[in-house]
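Trainee: So the chains spell out like this:
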Amino acid sequence: MSQDTKRLSLILLFAPFALWIVLLILLPHIGMVVLSLREKVAPRVYEFGFGNYVDFMNEPIYWNTLMRTGSMSLLVTVLALLIGFPVAYYIAKIAGKRSRGALFLMCLIPLWVSDLIRAFGWILLLRETGVVSSLLVWSGMTDEGIEFLYNDVTVVVGLVYTVILFMIVPLVSTLDGMGDDMIEAGYNLGGNSLTVLRRIIIPYAMPGIVAGCIVVFMLTSGSYLTPILLGGKNSSWFTEQIYDQFITRFNWESGAAFGILLLAFTSLVVWLGLRLSGQSLANTVART
Amino acid sequence: MKPTILCVGLLAATALTAVSASAETLRLLTWGSYAPEELIQKFEEKYPDITVEVTFSNNEEMIAKLRATGGAGFDLAQPSHDRIYAAQLEYGIYKPLDLSQINTDVMSPVHLEAVKANTTIDGDVYAVPHQWGTTGLMADMTKAPDVKSWADLCDPKYEGKTSMRLKRTILLATAFAMGQDPFALYSDLDQYQELLDQVADKLIECKGNIKAYWQGGDDLSAMMLSGEIVASETWDSTAYRLYDQNNNIVFIPPETGALTWIDTFAIPAKGNADDAAYKWINFVLEPENITIMSGSTGAIAAVKGGADLLPEDKKAAVNAAFTQEDIDNLKFFANIPPGVEDMEGKTLEKIKAATGG
Amino acid sequence: MTDADTYDLECTGISKDFGSFRAVDDVSFRIPSGTFFSILGPSGCGKTTLMRMIAGFEDPTAGDVCIKGKSVLSVPPNKRNVKMVFQHLALFPMMDVYENIAYGLRCAGATKDEIASKVADVLERVALPDLARREIHQLSGGQKQRIAIARCMALNPDVLLLDEPLGALDLKLREAMKIELKLLQHQFDTTFVYITHDQSEALVMSDYVAVMNAGRFEQVGRPEELYHAPQTAFVAGFVGDSNRWTGRAVEVRSDGIKVETDAGLTVIAMAHGNEQVVEGQAVELFVRPEFISATKPGTPDSDLPADNSYTGTVDGVLFNGANSRVLVRGPAGDLIEADVVVTGGADDLREGDPVRLHWARAQSMCFAS
Numbered sequence: 127m128s129q130d131t132k133r134l135s136l137i138l139l140f141a142p143f144a145l146w147i148v149l150l151i152l153l154p155h156i157g158m159v160v161l162s163l164r165e166k167v168a169p170r171v172y173e174f175g176f177g178n179y180v181d182f183m184n185e186p187i188y189w190n191t192l193m194r195t196g197s198m199s200l201l202v203t204v205l206a207l208l209i210g211f212p213v214a215y216y217i218a219k220i221a222g223k224r225s226r227g228a229l230f231l232m233c234l235i236p237l238w239v240s241d242l243i244r245a246f247g248w249i250l251l252l253r254e255t256g257v258v259s260s261l262l263v264w265s266g267m268t269d270e271g272i273e274f275l276y277n278d279v280t281v282v283v284g285l286v287y288t289v290i291l292f293m294i295v296p297l298v299s300t301l302d303g304m305g306d307d308m309i310e311a312g313y314n315l316g317g318n319s320l321t322v323l324r325r326i327i328i329p330y331a332m333p334g335i336v337a338g339c340i341v342v343f344m345l346t347s348g349s350y351l352t353p354i355l356l357g358g359k360n361s362s363w364f365t366e367q368i369y370d371q372f373i374t375r376f377n378w379e380s381g382a383a384f385g386i387l388l389l390a391f392t393s394l395v396v397w398l399g400l401r402l403s404g405q406s407l408a409n410t411v412a413r414t
Numbered sequence: 272m273k274p275t276i277l278c279v280g281l282l283a284a285t286a287l288t289a290v291s292a293s294a295e296t297l298r299l300l301t302w303g304s305y306a307p308e309e310l311i312q313k314f315e316e317k318y319p320d321i322t323v324e325v326t327f328s329n330n331e332e333m334i335a336k337l338r339a340t341g342g343a344g345f346d347l348a349q350p351s352h353d354r355i356y357a358a359q360l361e362y363g364i365y366k367p368l369d370l371s372q373i374n375t376d377v378m379s380p381v382h383l384e385a386v387k388a389n390t391t392i393d394g395d396v397y398a399v400p401h402q403w404g405t406t407g408l409m410a411d412m413t414k415a416p417d418v419k420s421w422a423d424l425c426d427p428k429y430e431g432k433t434s435m436r437l438k439r440t441i442l443l444a445t446a447f448a449m450g451q452d453p454f455a456l457y458s459d460l461d462q463y464q465e466l467l468d469q470v471a472d473k474l475i476e477c478k479g480n481i482k483a484y485w486q487g488g489d490d491l492s493a494m495m496l497s498g499e500i501v502a503s504e505t506w507d508s509t510a511y512r513l514y515d516q517n518n519n520i521v522f523i524p525p526e527t528g529a530l531t532w533i534d535t536f537a538i539p540a541k542g543n544a545d546d547a548a549y550k551w552i553n554f555v556l557e558p559e560n561i562t563i564m565s566g567s568t569g570a571i572a573a574v575k576g577g578a579d580l581l582p583e584d585k586k587a588a589v590n591a592a593f594t595q596e597d598i599d600n601l602k603f604f605a606n607i608p609p610g611v612e613d614m615e616g617k618t619l620e621k622i623k624a625a626t627g628g
Numbered sequence: 052m053t054d055a056d057t058y059d060l061e062c063t064g065i066s067k068d069f070g071s072f073r074a075v076d077d078v079s080f081r082i083p084s085g086t087f088f089s090i091l092g093p094s095g096c097g098k099t100t101l102m103r104m105i106a107g108f109e110d111p112t113a114g115d116v117c118i119k120g121k122s123v124l125s126v127p128p129n130k131r132n133v134k135m136v137f138q139h140l141a142l143f144p145m146m147d148v149y150e151n152i153a154y155g156l157r158c159a160g161a162t163k164d165e166i167a168s169k170v171a172d173v174l175e176r177v178a179l180p181d182l183a184r185r186e187i188h189q190l191s192g193g194q195k196q197r198i199a200i201a202r203c204m205a206l207n208p209d210v211l212l213l214d215e216p217l218g219a220l221d222l223k224l225r226e227a228m229k230i231e232l233k234l235l236q237h238q239f240d241t242t243f244v245y246i247t248h249d250q251s252e253a254l255v256m257s258d259y260v261a262v263m264n265a266g267r268f269e270q271v272g273r274p275e276e277l278y279h280a281p282q283t284a285f286v287a288g289f290v291g292d293s294n295r296w297t298g299r300a301v302e303v304r305s306d307g308i309k310v311e312t313d314a315g316l317t318v319i320a321m322a323h324g325n326e327q328v329v330e331g332q333a334v335e336l337f338v339r340p341e342f343i344s345a346t347k348p349g350t351p352d353s354d355l356p357a358d359n360s361y362t363g364t365v366d367g368v369l370f371n372g373a374n375s376r377v378l379v380r381g382p383a384g385d386l387i388e389a390d391v392v393v394t395g396g397a398d399d400l401r402e403g404d405p406v407r408l409h410w411a412r413a414q415s416m417c418f419a420s
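Chains as they are written, first to last, in our numbering: chain X, 127 to 414; chain F, 272 to 628; chain Y, 52 to 420.
Okay, chain X solo, but in the shape it has when bound (with noise of 0.2 Å):
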């Protein structure tokens, strides 16, 4: 009896993670497969064949905006952990108990808008007619109004500040559990502050380091509406592509294929940085 009713709440716990697992992961992800592998060969006609990715392989355009969206992604990762790694240092290691909350809330509130609102804000401060260049017009220091807008860095720039939180977070984590002792015991062996920072903290913070660099990379080369509002008349970005296909050309066969070609590339960056940093998963993301 008790077994039974053991088995019955393992059964009731496991339940809505595989309900998840199978539901909304598994199988939109095999529709997409199949549908991907349909080729469209007269209205209301299907055949089965590798058709769409063939046309993603003969068409540079879709090559070169999967490229550059993936090289702006790696970019904009470098850049939120060269930023990141020393506000996490600040947070976990030098900042008081009181202040480290408080400091943590900051990083936290542009999360509490939507991404269209964020991406807004932008739009507002970088305008021809906006704050930034409004300002510059009155101080004197140009004749006429600049756009920051519609341009690669201010779409990178724009990222990074989106997903830079993201890689705090198990950046500070994986610091706070590192004790001072850890960086004093470098030193006192006789290490310079390079030595320490090369040595000792970047191993021991490399899975919060990973953690972070995957989650980020994911992010921002999965999203739409930043580069899409910030990039303009020039974004290029491979989610822009694949709304495309799916909305403006009804093309569902080929933007599964493009969805299913940017899971595995990005994947295949992720795989990529493991192994250059011989890290695994388990010991990254799945610990932070």
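If you are wondering where the hints come from, they were derived from the structure by calculation, not from laboratory data.
Glycine residues also receive a C-beta, built at the ideal position from the N, C-alpha and C atoms.
Do not take every clue at face value.
[Stated by the list, open to error] If you anchor each label on the Cβ, the simulated ranges turn out as follows:
1. Gln464/F x Leu398/X: 38 to 44 Å
2. Gly394/F x Ala168/X: 19 to 25 Å
3. Trp146/X x Pro427/F: 54 to 60 Å
4. Thr391/F x Val239/X: 46 to 52 Å
5. Gly266/X x Ala493/F: 23 to 29 Å
6. Leu134/X x Lys313/F: 52 to 58 Å
7. Ala219/Y x Val239/X: 44 to 50 Å
8. Met193/X x Ser304/F: 38 to 44 Å
9. Pro427/F x Asp269/X: 16 to 22 Å
10. Leu320/X x Ser168/Y: 23 to 29 Å
[Stated by the list, open to error] In silico lysine to any residue, SDA-like type, Cα no more than 20 Å apart, as pairs:
11. Lys473/F x Lys366/F
12. Lys169/Y x Leu182/Y
13. Lys438/F x Ala471/F
14. Lys428/F x Ala448/F
15. Lys428/F x Glu270/X
16. Lys219/X x Thr321/X
17. Lys621/F x Glu185/X
18. Lys621/F x Tyr179/X
19. Lys621/F x Gln469/F
20. Lys438/F x Asn184/X
21. Lys621/F x Tyr350/X
22. Lys119/Y x Asp240/Y
23. Lys586/F x Ser304/F
24. Lys336/F x Leu161/X
25. Lys621/F x Tyr369/X
26. Lys438/F x Glu270/X
27. Lys366/F x Tyr549/F
28. Lys336/F x Pro154/X
29. Lys621/F x Pro154/X
Following the hints, put chains F and Y in place on chain X, whose structure we already have.
Mentor: Only chains F and Y this time, still in chain X's reference frame:
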């Protein structure tokens, strides 16, 4: 055991919503401003057993939504007249209209016939006209007084001060500006592709001249009112609204003719409130309701004397923009044959991806 | 040749203030080469701050720290030849044993071959030669301890600082490590400065012990000096167990002081410490349990004459093998602890038995308070 219970539960839930929907809810899939609150209240007072639910969308999303469900989830949709034929052939998302239930007598015959011609498949008519308007140019007369052709958006004089919407309209417009008739080439897709390539080259070259591609009426209005741009492709209704706020901003029918769209009524294949849908159609065709509707949309109703039913301020803006000559010169969007959307989509992607500075 | 050559570590008048709080107050000491030196004190007495100043992690507010006769105040921590074994050892978990030891050698710019031979050598000396490629989390507590010491010793430090490194170990291992540490120190022949709040660790291992309290050194000396000849009441109370009474000196003579405790017991005692005891003065009195003999009345021992002799009742027996004790309710009603031998025979004291306690005046340490 459990999955069965779950399935039964889901079915029951679905059935319940379905039943309640068929009883009294009209689910309307339409454009922003095409269902003003005032009209909905009036309608619900007249038919107390009908509740109106509105989803705002655009042509592409309307079709995508209906396609996802095979035409279920909505009881009345309002795509443009050129988005009926191919979508119906391809996905079967609409159902034939029962014209006897619609008060077609009040509709302006030109528009009615144009829509009928474009949306008849195997003798069944799938849409009737609702509102029509044009896509043309808009310029700030104090800063860009001599804008009159689509090509002027690419004039280096206005470098970084013009805008357009990177959708199929601008492809067609550019083709007309190049002296071609894209609709005539719909029958020969190879030739049409050639034309598209030329158009793409032109627009890529023009990219450096453009400040940004606008996405909707709001960002276009913001750029125009702030003076960041001085001329742009525009929907006439957007231009009329800006004219209200700044009389220097006027709508200009391009010399090759403003491109005319007609938004329609079409009933989704699995809609289950057809009676309510027909009631809504006839309701918004009543003259005093047309004035309310046009006040909200800024577009002209496709009824006899539609322009006279515009609110006074709009009427002034239209009269300022159009001469009789312009009206004779209107270019109606032709039906999009299957496959063309894909070709045009690819061309747009090419333009978007090109680096134009 | 100067004195400095024979002292590995010398602190003069060293103080440290944290805001208005003075953690270390004018401490001076010097440690001869090759000594095992302990700093013993309760937590919060400033011993860790003192050690961090020697290692260079804190700057003294006043005073000077010299290593091998040279002031190191302007030398950053990574340039001081003072190595430290941290309380929680601070082994680097992302490196294996070999890399942990090699880290310091690499920082010093040693070649690959030098590193390999030094690591092998030092592992040999801590008797863990096969552990080089072990990961840190695979080591036992005692092994970690030895690796932490090896990591420092590979660098041939002038002074090795140890910050309560046994604190995290269980009792059995702690006892074993005490002996092992002492042996390691002999083997390396390096000056060890050992910080602890555990008097038994300090007494067992050290050549010299400094007892620290409230930022000051109370007394520095050999362990047996501290135990038998404490100079302050604090040292008498902190080092070793004692019966401790407060009272008043009623009669002061050159061969002893008569003290009346607050509870009303009269004890003949000898004055200790630097401060003179005068008649009528408040005093503190310490008597170690092992110097009190507790016998059943009527046995031959019990009739021996003694400076202090009382009868009482056994209130409880604390059996702990060779260290067993009785709690005796004395004539004034207070409890007195005395060591006894519990043989398990019929002669053993039991609860409720009448008992006679006696001890010599030399064993009653009296301090002016």
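Trainee: Verify the proposed pairing of lysine 621/F with tyrosine 350/X, using a straight-line Cα cut of 20 Å.
Mentor: 19 Å, holds
Trainee: Between lysine 621/F and glutamate 185/X, is the straight-line Cα distance small enough, at 20 Å or below?
Mentor: Given pair lysine 621/F, glutamate 185/X holds - Cα atoms ~10 Å apart, limit 20 Å.
Trainee: Return holds or violated for the Cβ distance of methionine 193/X and serine 304/F against the range 38 to 44 Å.
Mentor: 40 Å, holds
Trainee: Taken at face value, is the distance from the CA of leucine 161/X to the CA of lysine 336/F at most 20 Å?
Mentor: Roughly 17 Å between the alpha carbons, so the hint for lysine 336/F and leucine 161/X holds.
Trainee: Do the alpha carbons of lysine 428/F and glutamate 270/X lie within 20 Å of each other, as the hint requires?
Mentor: With a Cα-Cα distance of about 17 Å, the restraint between lysine 428/F and glutamate 270/X holds, given a limit of 20 Å.
Trainee: Assess, step by step, whether the Cα of lysine 438/F is no farther than 20 Å from the Cα of alanine 471/F, and give holds or violated.
Mentor: 12 Å, holds
Trainee: Taking only the CA atoms, is the gap from lysine 219/X to threonine 321/X under or equal to 20 Å?
Mentor: 18 Å, holds
Trainee: Has the given pair, lysine 473/F with lysine 366/F, been kept, meaning a C-alpha gap of at most 20 Å?
Mentor: 40 Å, violated
Trainee: Keeping to a limit of 20 Å between CA atoms, is the pair of lysine 428/F and alanine 448/F held or broken?
Mentor: 18 Å, holds
Trainee: Keeping to a limit of 20 Å between CA atoms, is the pair of lysine 621/F and tyrosine 369/X held or broken?
Mentor: 15 Å, holds
Trainee: Quick check on a hinted range of 46 to 52 Å for threonine 391/F and valine 239/X, using CB atoms only.
Mentor: Because 49 Å falls inside the window, the suggested range holds.
Trainee: Straight-line Cα separation of lysine 366/F and tyrosine 549/F no greater than 20 Å?
Mentor: 13 Å, holds
In summary, the numbered hints that this structure violates are 11, 20, 26 and 29.
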